[in-house]
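The numbering used here applies: residue 21 is where the sequence shown begins, and numbers increase by one.
Certain hints may be false.
As the list claims (entries may be wrong) - Computed cross-link-like contacts, DSSO-like style, restricted to lysine-lysine with a CA-CA straight-line distance of at most 30 Å:
id, residue 1, residue 2
1, Lys-189, Lys-211
2, Lys-116, Lys-211
3, Lys-194, Lys-179
Calculated from the structure, these hints are not laboratory results.
Only a predicted model underlies this, so the values are computations on that prediction, with no experimental measurement involved.
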Amino acid sequence: MLKNSIKLTDDTKSLLDEVKTKFDLKTYDTAIKTAVVFILRNEINLKDDYIGDYKKGLIDLENRLGNVFKNHEEKILKNNTSLRNWFGAMEKDYLKPLIAKLSVLDKISDYNISEISDDKINIPKIENPLNSHLKSDNVDSKPNEESKSDDSKSEEKFKEIYRKYELQKQALFKIFNNSKIESGGMMSKEKIIINLAAEEWEELKNNV
Numbered sequence: 021m022l023k024n025s026i027k028l029t030d031d032t033k034s035l036l037d038e039v040k041t042k043f044d045l046k047t048y049d050t051a052i053k054t055a056v057v058f059i060l061r062n063e064i065n066l067k068d069d070y071i072g073d074y075k076k077g078l079i080d081l082e083n084r085l086g087n088v089f090k091n092h093e094e095k096i097l098k099n100n101t102s103l104r105n106w107f108g109a110m111e112k113d114y115l116k117p118l119i120a121k122l123s124v125l126d127k128i129s130d131y132n133i134s135e136i137s138d139d140k141i142n143i144p145k146i147e148n149p150l151n152s153h154l155k156s157d158n159v160d161s162k163p164n165e166e167s168k169s170d171d172s173k174s175e176e177k178f179k180e181i182y183r184k185y186e187l188q189k190q191a192l193f194k195i196f197n198n199s200k201i202e203s204g205g206m207m208s209k210e211k212i213i214i215n216l217a218a219e220e221w222e223e224l225k226n227n228v
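Given these sequences and hints, build the entire structure.
Below, the structure is given as structure tokens:
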């Protein structure tokens, strides 16, 4: 039940009509009540210029976020550069020499020393016609046996070296995969942090 009547100018009525339409409010009474309740609950000061303040606040926030992202981007780029330099040094001083040695060992392994030794033993000897009167029983087989034994020892030695290099290579890659650069404070340098359990670290030390 309406107890009071309110006189409105055409401009005010036009604004109320806009509010009713935009927020689907059925009557002027509902529109005015909703607006007043909103103002009181949110403690809005109708004398403040919220448009200007909010705009300035958003611009300030945007600038602060931009500076934060820029600083993080610079740190990320710096860390990536440090990590690339560190990995490049490791590659130059350790990986490339290790790969070169492994390549030699691979070739030696592919060459198969034991088979070559067997082939040498099985090659028929060309008899000298001038020595045809000598008995074949006089041929001493001891040097051949010693040569075969030496070849077998060499092969075992190369296999052991190859096994050690494989363990060292696996240890290096495990360190690379579990390491990261940790930024220091204002007066401290960056550090390489290796995230491995104590048992894993001892195992790597034993292999290397």
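Going down the list of hints, with the structure as the test:
A threshold of 30 Å between alpha carbons decides the hint, and for Lys-189 with Lys-211 the separation of about 23 Å falls inside it, so the pair holds. The straight-line distance between the Cα atoms of Lys-116 and Lys-211 is roughly 24 Å, inside the 30 Å bound, and the hint therefore holds. With a C-alpha separation of about 23 Å, the suggested pairing of Lys-194 with Lys-179 holds against the 30 Å cut-off.
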